[in-house]
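Participant: Work the whole structure out from these sequences, hints included.
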Amino acid sequence: MDFISILSIFVLACFVGYYVVWSVTPALHTPLMSVTNAISSVIVVGALIAAAAAGSASSKWLGLLAVALASVNIFGGFAVTARMLAMYKKKERPAPQGDNSHA
Amino acid sequence: MHEAEATPAWVLLAYLVSGVCFILALRGLSNPESSRRGNRAGMIGMAIAVVTTLVISYRPTRICVTAPANDPGYYARCAAAHGNELNLLLIAAAIAVGGSIGLVTARKIQMTAMPQLVAAFHSLVGMAAVLVGTAAYLNPAAFHIVDAAGAILPVSRVEMGLGVAIGAITFSGSVIAFLKLNGNMSGAPILLPLRHVINLSTLVAILAMIVLFAMAGQNQPPPYFFMIAILSFAIGFLLIIPIGGADMPVVISMLNSYSGWAAAAMGFTLHNSAMIITGALVGSSGAILSYIMCRAMNRSFISVIAGGFGGATSSGDAAAIDRPYKRGSAEDAAFLMKQADQVIIVPGYGMAVSQAQHALKEMGDKLKAEGVRVKYAIHPVAGRMPGHMNVLLAEANVPYDEVFELEDINSEFAQTDVAFVIGANDVTNPAAKTDKSSPIYGMPVLDVEKARTVLFVKRSMGGVGYAGVDNELFYRDNTMMLLADAKKMVEEIVKSLG
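As given, the protein sequences belong to chains Y and R, one line each in that order.
Heads up, the first sequence is in the numbering used here, so the first residue is 86 and it goes up one at a time.
Heads up, the second sequence is in the numbering used here, so the first residue is 5 and it goes up one at a time.
In silico lysine-lysine, DSSO-like type, Cα no more than 27 Å apart, as pairs: (1) K174/Y to K370/R; (2) K175/Y to K370/R; (3) K176/Y to K342/R; (4) K499/R to K176/Y; (5) K112/R to K174/Y; (6) K372/R to K176/Y; (7) K176/Y to K379/R; (8) K330/R to K370/R; (9) K330/R to K365/R; (10) K365/R to K492/R; (11) K379/R to K174/Y; (12) K174/Y to K372/R; (13) K342/R to K174/Y.
If you anchor each label on the Cβ, the simulated ranges turn out as follows: (14) A100/R to R168/Y: 12 to 22 Å; (15) E37/R to S143/Y: 43 to 53 Å; (16) Y103/Y to G77/R: 53 to 63 Å; (17) D87/Y to R44/R: 32 to 42 Å.
Which stretches of chain Y does chain R cover? Using the computed rule of at least three CB atoms under 8 Å from a CB of chain R, they are: (18) 105-112; (19) 128-140; (20) 166-175.
Read the hints as simulated data drawn from the structure, not as lab findings.
All residues carry an ideal CB built from backbone N, CA and C; glycine is no exception.
Facilitator: This is the structure in structure tokens:
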């Protein structure tokens, strides 16, 4: 991909991000932070390329360390988000009372 | 080995799909019902990105299997040149170690410690970005960012430089934020003399290093790259130490944003659409949250970053210390609330500190059994990170449709019998509306003083809020101070409610 196509993806994604994030309910701002944390660890892609490549031993070990750090974040981030989201519950509606108003 | 092989189309598509999954993950958060599905989409997106990368990284090894018949040593040489299976084992081990640390932490962490956890996670993203950038600098051929002569392309140098700089700032900034939030370091701002001069010149130096790095020739350039990293670690540290505890919601959102931009910059270097899409999403998410937090405090982003707010504990007039106030007991509070038609509970950071959310929920249930309507009012900057109070109430099983945001509930205080303020202070201070000399003037606050009675739970009359200003509310005729630890007080009220 050339620089311009990459830049286009980036700019459009910024707009998508802007509108999607404004639609997030304030009650879920903490899970929003933890899930964005988890997905920004997609940087693991770069770490994997470095760790799998030959040619430089130090580059490989740096890559492996980065894979480990990003994995903490990926697993930890998604798990803690799931744990939080499971806690958000709606009010339990009282058993519907016999509604006879529409006789 | 420098064959410029084009990335196969299916790989590009896979990264695109994973980017779309991440968009869906954020989109799901528009309401609690769809949020769980969204989180699963995020996990799927991550799995797609990881598996795709592993498969293409090992393609050369598989190419080696089709060795020419007349060359017995071909496989060994080919595999050694392209990486080998040992790496795969090491990678699996790295994922297993990191993953289990992450899972255990996620399971064990207390909900009140969520701000620290998020700060710690941000620092890991930052460090990972620095490591990936350094790996790319040391082995650029693996990332296909070299020209025919084997030198790193100038565009890639700028991208790498920016990625490493932002990553390093995210790392050291988040470490300081973590130490402050975790209480290992005082929340008070640390003000160095000439700090604005030092910070600005460091920033300029980093930009200059990036330019020099981009223009440097291949013949043993001075180590500009490492200078960028070192200066950026320093600036991240310097930027966060002068920022006080109450501004942490902005800081943590800002670092969230930086971790996104770091991922995006690395995505530019690697020409990876999943990383670019994610980086842009996370970057804008953090930026929007910072904006919301600043707006909720009526502060400009610049003034938060400049730091120093909430340092001095006493404001101009110290005469306010001996003013008379009404003190009540748990029984009084229980009696007043039992008589009420509607009670609005206003939680703040103090509730998190004393872990009072479960007792509070029990109090709410008791009151509802008495026929009282119970609602919760949340100020956007209550707590130490965006949405902190909502998570704690959800943890205590408070249904989310009883919890309201500032603008949705503020008009109701006038028709409310009791406002029950627990662990919040500045966000209820009427001075924000009336006193032009107050440091918090203009900040949107909850109009609790309009309720018929205000019950204010506070440890003692001594302390002030994080803004370091006295609260007019304590001395009003319709305010009753409940001086005790928040959790103990609520438990006693529950007992008195019988």
